[in-house]
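> Listed in order, the protein sequences are those of chains A and B.
The opening residue of the first sequence carries number 90 in the numbering used here; numbering runs sequentially from there.
The opening residue of the second sequence carries number 90 in the numbering used here; numbering runs sequentially from there.
Derived by calculation from the structure, the hints in this document are not laboratory data.
Hints are supplied without guarantee of correctness; some may be wrong.
Stated by the list, open to error - When the alpha-carbon atoms are kept at most 20 Å apart in a straight line, the in silico EDC-like pairs for lysine to aspartate or glutamate are as follows:
(1) A:Lys-345 - B:Glu-349
(2) A:Lys-248 - A:Asp-267
(3) A:Lys-345 - B:Asp-390
(4) A:Lys-96 - A:Asp-131
(5) A:Lys-393 - B:Glu-349
(6) B:Lys-356 - A:Asp-389
(7) A:Lys-388 - B:Glu-349
(8) B:Lys-393 - A:Asp-215
Number of protein chains: 2
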Amino acid sequence: MFRPEIKVLDCSIRDGGLINRWQFSDEFVRETYRALSLAGVDYIELGYKASKEQFDPSVYGKWRFCEDEDVRRIVDGIESGSKLSCMVDIGRVQEKDIAPQNESPFQMIRVACYVKDITKGVALCDMVMDKGYETTLNIMAVSTNTERELDEGLNDLSKTSVPVVYVVDSFGAMYSEDVTHLVNKYRNALPGKIIGIHTHNNRQLAFANTVQAIIDGANFVDGSVYGIGRGPGNCCIELLLSFLQNPKYNLRPVLKLIQEHYLPLSKKIEWGYIIPYMITGVLNEHPRAAIAFRDSPDKDDFVKFYDMLTTPEVDISAVKNLA
Amino acid sequence: MFRPEIKVLDCSIRDGGLINRWQFSDEFVRETYRALSLAGVDYIELGYKASKEQFDPSVYGKWRFCEDEDVRRIVDGIESGSKLSCMVDIGRVQEKDIAPQNESPFQMIRVACYVKDITKGVALCDMVMDKGYETTLNIMAVSTNTERELDEGLNDLSKTSVPVVYVVDSFGAMYSEDVTHLVNKYRNALPGKIIGIHTHNNRQLAFANTVQAIIDGANFVDGSVYGIGRGPGNCCIELLLSFLQNPKYNLRPVLKLIQEHYLPLSKKIEWGYIIPYMITGVLNEHPRAAIAFRDSPDKDDFVKFYDMLTTPEVDISAVKNLA
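Please work from the sequences and hints to get the whole structure.
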């Protein structure tokens, strides 16, 4: 596939931080930035911007906050043609946390929200666009929305100036036919806007679904190094770069990054194909029950987990530490 | 997807044996058979039938040979509606190794061959059909054949009584569009025959490609427990059963089998998403270089492997133990 409009965004630090509360070493983030720059990735997302009034900096690492001075220190001295991105959630960031773009190392601030909060998400997009940033709106968990809810949200969104809207398979529940249906729906409802795709790998479909979205016309595509991300993780950016025929992309620096940093990390924190996440994907459910289960002594008792989620009379609160 | 004609074949012991020379314990094979029977899997493939004159039984485990008395001992006392299958390769089995079907525990003997050997493959299919077995012909490595070669082979095959012909993505090199192209080609060239699909997971596309083949009309589909199989392995049968809506299939026994037997085994022998196999998949090459590399001290030096396979001046024989 070669289509020059396609932009690749790496979300390794941002989505991977959901596993380890963004406690990555500076070296890890710096080497990620260096390798992805060499690889020609268009956007590198370094975390969330969030208010320190809401998240305790003694618990969460610096990529939960993405303060501009931390970012400058990481990227200092590394040649890069990539743009920097961070993400914000509704209600978890304040306007004062976001500097004007011309004073910030970030070029893009992405907004994540649920369908019910689209108008709030648009307001946040407007705020960051007013400050000079590029933006996208990532509508999460649409596999759980009715068609009517989603159509209404997209109709509202069509009247705004948000330039990029993402199809997000938050629960790793979609098949390629679902992706095709949604990308076509978004394209039809949102004339003039660019469609993005962000997938999760619960059922080993993240890469396949991303390819399908590209075939269907999505031009913003997310990946992460070695698939890092909460639970099953995301679409592997090394697979994505091997698929895209654009000569500006280069696989080799990503392979080096994996062997030197991501493979060792994968032995300390877990992500990938893990049966409880496969089960939540099949059931189209939030991974929170699987996250809690993987943190319990029964973490490999897949049948127990399956029974809990599929047998109505079993009380799910029986899972210790349920988030 | 519900289509009653679809038959699921599990090849865990046969393809998984390529990792460990078929050195599975009797208990492991017996519990695999028990669980897959409970899961409602249509065919369970227990290994290869091969000549002991060609393979040393002190090196290869009993599932390299699949002698009828070994199989009877394994299945004895287990209630099952599943049929038993084994596979034969051209030139690696003799007629005297194969009893008449009414004296054997096997109902099916599958034949694997390359396009250039289709006539030999058909002769072997005819031999086992004459003895009373069901059969399939699995044409390997078609991602490396020219269209003309393949068309000629399929034309020859169309004139035979082989009932089932498989599209096999031996190198894990196919995208869903390739699968659609080949399934349609086989269906058009082979009227009256059933099409099968066997995938490899080098690029995390085994399940997605199997789903695509089913959508395109394939009715024999291979999977393996937890994806076990050489290198990246195969389509996970637990994913396949979760996709197929046929009430005769039951996911729960497979989850139990994974937690009790396949998860522990996966810590002793390796299969799954492993970068050197990803690279051979991207390059549409036999995994042999990756197999040798994973057995070398440099096994995690992905950049070295990538350079070896993509830089013409590097001598690939520099990989120690290259098979």
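> Run every hint past the structure and note whether it holds.
Do the hints match the structure? See the list:
1. A:Lys-345 - B:Glu-349: Judged against 20 Å, a Cα distance of about 35 Å means the pair is violated.
2. A:Lys-248 - A:Asp-267: Violated, at roughly 25 Å.
3. A:Lys-345 - B:Asp-390: The hint holds at about 8 Å.
4. A:Lys-96 - A:Asp-131: Distance ~6 Å between A:Lys-96 and A:Asp-131 Cα, so the pair holds.
5. A:Lys-393 - B:Glu-349: Holds, because 13 Å separates the two Cα atoms, which is no more than 20 Å.
6. B:Lys-356 - A:Asp-389: Distance of about 13 Å is within 20 Å: holds.
7. A:Lys-388 - B:Glu-349: At roughly 13 Å apart (the allowed maximum being 20 Å), B:Glu-349 and A:Lys-388 satisfy the hint.
8. B:Lys-393 - A:Asp-215: violated, 47 Å
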